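A.B. asks: Here are the chains, one letter per residue:
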Amino acid sequence: MTQQLKLRRVSAEGSFLRRLSADRPARPVYLALVLLIVLGWLLFALDGGQFLSLENVVGIQQRSAALGIVAVGQTLVILAGSLDLSVTYLISLTSLVAAEIMAGSDANVPAAVAAVLAVSALVGLANGLIVTRLRVHAFIATLGVALIIRGALDERYDGPAGSVPASFQHLGYDRIGPLPVSALLWAAVAASVWLLLSRTRLGYRIYAVGGDIEVARLSGVRTERVVVVAHVVCSVCSGIAGLLLASRLGAGAPTVGTDGGYDLESIAAVVLGGTALAGGRGGVAGTVGGVLLLAVLDSIFNQLEVNSFAKDVVRGVVLVAALAIYARRRRTS
Amino acid sequence: MRRTLPIFVVLAVLLVAIAVANPYFLEPPAFLAFVKRAAPLVILAAGQYAVIVSGEFDLSVGSLVTAEVVIAARLIDGSAEATWPVVALLIVLGLLVGLVNGVVTTLLRVPSFITTLGMLLILSGAIFLWTGGAPRGALSEEFRELGRGSLGPVPWSVLILVVVAAAAAYAMRARFGHTLVAVGDNDRAAALSGVRVARVRTVAFMISGLAAAVAAILLGGFAGVSAQVGKGLEFQAITAVVLGGVALGGGRGSVVAAMAGAFTLEALFTLLNLYGISGALEPAVQGVIIIAAVALGAVRFPRRRVAATS
Numbered sequence: 144m145t146q147q148l149k150l151r152r153v154s155a156e157g158s159f160l161r162r163l164s165a166d167r168p169a170r171p172v173y174l175a176l177v178l179l180i181v182l183g184w185l186l187f188a189l190d191g192g193q194f195l196s197l198e199n200v201v202g203i204q205q206r207s208a209a210l211g212i213v214a215v216g217q218t219l220v221i222l223a224g225s226l227d228l229s230v231t232y233l234i235s236l237t238s239l240v241a242a243e244i245m246a247g248s249d250a251n252v253p254a255a256v257a258a259v260l261a262v263s264a265l266v267g268l269a270n271g272l273i274v275t276r277l278r279v280h281a282f283i284a285t286l287g288v289a290l291i292i293r294g295a296l297d298e299r300y301d302g303p304a305g306s307v308p309a310s311f312q313h314l315g316y317d318r319i320g321p322l323p324v325s326a327l328l329w330a331a332v333a334a335s336v337w338l339l340l341s342r343t344r345l346g347y348r349i350y351a352v353g354g355d356i357e358v359a360r361l362s363g364v365r366t367e368r369v370v371v372v373a374h375v376v377c378s379v380c381s382g383i384a385g386l387l388l389a390s391r392l393g394a395g396a397p398t399v400g401t402d403g404g405y406d407l408e409s410i411a412a413v414v415l416g417g418t419a420l421a422g423g424r425g426g427v428a429g430t431v432g433g434v435l436l437l438a439v440l441d442s443i444f445n446q447l448e449v450n451s452f453a454k455d456v457v458r459g460v461v462l463v464a465a466l467a468i469y470a471r472r473r474r475t476s
Numbered sequence: 010m011r012r013t014l015p016i017f018v019v020l021a022v023l024l025v026a027i028a029v030a031n032p033y034f035l036e037p038p039a040f041l042a043f044v045k046r047a048a049p050l051v052i053l054a055a056g057q058y059a060v061i062v063s064g065e066f067d068l069s070v071g072s073l074v075t076a077e078v079v080i081a082a083r084l085i086d087g088s089a090e091a092t093w094p095v096v097a098l099l100i101v102l103g104l105l106v107g108l109v110n111g112v113v114t115t116l117l118r119v120p121s122f123i124t125t126l127g128m129l130l131i132l133s134g135a136i137f138l139w140t141g142g143a144p145r146g147a148l149s150e151e152f153r154e155l156g157r158g159s160l161g162p163v164p165w166s167v168l169i170l171v172v173v174a175a176a177a178a179y180a181m182r183a184r185f186g187h188t189l190v191a192v193g194d195n196d197r198a199a200a201l202s203g204v205r206v207a208r209v210r211t212v213a214f215m216i217s218g219l220a221a222a223v224a225a226i227l228l229g230g231f232a233g234v235s236a237q238v239g240k241g242l243e244f245q246a247i248t249a250v251v252l253g254g255v256a257l258g259g260g261r262g263s264v265v266a267a268m269a270g271a272f273t274l275e276a277l278f279t280l281l282n283l284y285g286i287s288g289a290l291e292p293a294v295q296g297v298i299i300i301a302a303v304a305l306g307a308v309r310f311p312r313r314r315v316a317a318t319s
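Listed in order, the protein sequences are those of chains A and B. Numbering (our numbering) for the first sequence: 144 to 476. Numbering (our numbering) for the second sequence: 10 to 319.
One or more hints might be untrue.
[Stated by the list, open to error] Simulated coverage check for chain B against chain A, where a stretch passes if three residues somewhere in it have a Cβ under 8 Å from a Cβ of chain A:
1. 50 to 61
2. 244 to 255
[What the hints assert, rightly or not] Residues from chain A that face chain B, not an exhaustive set, calculated with beta carbons under 7 Å:
3. 188
4. 189
5. 414
Quick caveat, the hints were computed from the structure, so don't treat them as lab data. The structure displayed is predicted, hence computed values, not measured ones. Yeah, the Cβ is synthetic: ideal placement off N, Cα and C, and Gly gets one too.
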């Protein structure tokens with residue numbers, strides 16, 4: 144009896160360990176995050192301030208929510224061996240679609256949300272089909288789609304347009320205890336994509352396609368369909384981020400995406416989280432860590448009142464250094 | 010060779026289309042002005058080609074161009090005798106940035122997309138940190154002469170472009186070019202046959218840095234000092250190279266076709282301007298055409314693509 148129990152526990156432990164090791168690329172980023180938080184706390188303690196104050200913690204979550212949602216979507220396409228550079232302009236576009244359809248009235252909110260999801264899914268579909276059917280490299284395909292959206296935006300809008308009703312602005316500003324609603328939205332998106340990747344057949348196929356598309360194809364995976372779905376989900380994530388930003392601004396803006404630099408920034412967050420740029424390795428947990436790392440770094444800089452240009456320099460160094468460390472670990476292991 | 014043919018056809022069609030809309034276009038002054046306008050992008054495309062054909066990316070060239078122009082303006086500050094030392098310094102800086110990109114990518118094994126993205130952030134941040142947000146100083150007349158002036162009827166930048174193009178075409182036919190393509194096609198096979206892969210790739214990044222320095226000197230003269238001068242150039246250069254039929258991922262394509270790709274992109278801008286699609290809709294048309302051109306290239310050679318992926 145006791146032996147049976149013991150055995151069962153050992154096997155459970157084994158599978159737990161195995162699951163952890165499957166997500167191993169995510170570990171260093173959380174280690175770095177903890178170190179950074181301790182460092183920030185020390186710096187502020189010396190300065191007489193408080194780093195982990197409610198205001199600051201909420202600020203970090205709010206700042207990272209939009210980037211976080213985009214980065215979760217970006218994780219999917221990168222895992223599938225693709226890339227999405229069109230997220231920036233899609234975010235601007237969806238923020239405008241949302242604000243224009245809402246036009247300040249509560250009754251239009253469901254229609255606006257549905258329209259945003261439809262528009263972003265369509266853009267994702269276009270991305271995916273161009274990459275798979277027309278065999279255009281994802282870099283060029285999504286760059287081209289980004290240019291097309293940008294042209295449409297430039298043609299129609301000179302500045303902010305539309306307006307978001309006060310009720311919808313709760314999404315951007317309210318919080319429940321220490322948790323902003325926007326962060327909860329981010330958590331929900333991340334959790335569903337995590338479930339998709341680790342619990343569903345589609346998730347396994349995404350890893351298979353990103354790992355080796357030819358092997359996946361020979362094993363009977365419809366690789367084109369998998370890549371298209373990954374692109375659609377990624378674009379829908381950008382659409383959700385567009386909704387969130389519209390609710391923050393109270394209007395749609397053609398520059399809201401470019402101002403955030405979401406294309407390159409989301410890719411940076413994904414690879415900081417240990418996901419391989421070539422696809423097939425990594426996961427959502429690492430991406431969430433990567434986004435939080437960037438946000439904590441930002442918050443430390445803000446409170447130290449470091450010049451915003453110096454922030455870029457440090458970000459670049461952190462990004463390259465992190466990837467150099469990952470490469471070293473991979474070689475030794 | 011068959012792979013490079015489509016881009017020349019596209020380029021010829023675009024040039025004819027421009028000539029139909031503007032009959033003066035094919036006369037020497039107007040055509041030389043077009044080549045002069047295209048020269049910086051063509052030179053950047055030649056540099057980007059070296060990096061892409063060796064299997065890497067260089068996203069840092071746009072911010073490098075901006076950095077070089079801003080540095081030149083600040084250091085020269087309108088004085089004539091400072092011109093040539095600063096030009097030498099710019100070239101050294103371009104090579105140095107390429108060296109760092111190459112060493113970080115090859116020795117530290119950071120994917121080049123991330124290395125050069127980091128370099129982009131570092132360069133643009135550092136340069137504005139140094140100038141305090143807005144470019145200061147001024148370029149001297151001697152410096153601007155390279156981008157603006159001409160020797161007789163032929164602009165300096167066209168002469169520089171001819172030299173660069175000849176050097177690039179020669180280098181790709183020489184042993185260096187063959188090893189570069191071999192590294193991009195299969196770095197393991199190249200290493201096993203005795204190629205020093207890390208060194209070859211680092212040299213490719215340095216070529217790209219050098220090309221960015223030369224392009225910055227021309228652009229600074231042509232367009233003057235601004236913090237926006239290099240914005241988006243990295244994507245334009247990569248697009249030009251891909252339009253030329255060069256495979257992202259390396260090992261395939263010719264430098265002449267890559268430069269023709271840059272001319273095509275510039276001809277496209279000119280044509281859109283002529284037909285009054287300037288401004289707002291321009292990026293959209295550009296996006297459609299880039300996707301269409303690359304897609305057509307992929308459809309025309311399905312067998313080669315299969316060979317490349319297997």
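A.B. asks: Residue count check for the region 50 to 61 of chain B against chain A: does it reach three with CB-CB under 8 Å?
C.D. replies: Violated - the region 50 to 61 of chain B has 0 residues with a Cβ nearer than 8 Å to chain A, which falls short of three.
A.B. asks: Are residue 189 of chain A and chain B close enough, Cβ to Cβ, to be under 7 Å, as the hint says?
C.D. replies: This interface hint is violated because 25 Å lies over the 7 Å limit.
A.B. asks: Hint check: is the beta carbon of residue 188 of chain A less than 7 Å from a beta carbon of chain B?
C.D. replies: Residue 188 of chain A check fails; min Cβ-Cβ to chain B is 28 Å, beyond 7 Å.
A.B. asks: Count residues of the region 244 to 255 of chain B with a Cβ under 8 Å from any Cβ of chain A, then say if the count reaches three.
C.D. replies: Since 4 is at least three, the answer is holds.
A.B. asks: Quick one, is the residue 414 of chain A hint okay against chain B at 7 Å, beta carbons?
C.D. replies: With a minimum Cβ separation of about 6 Å from chain B (threshold 7 Å), the hint on residue 414 of chain A holds.
Consistency with the previously given hints fails for numbers 1, 3 and 4, ordered from lowest to highest.
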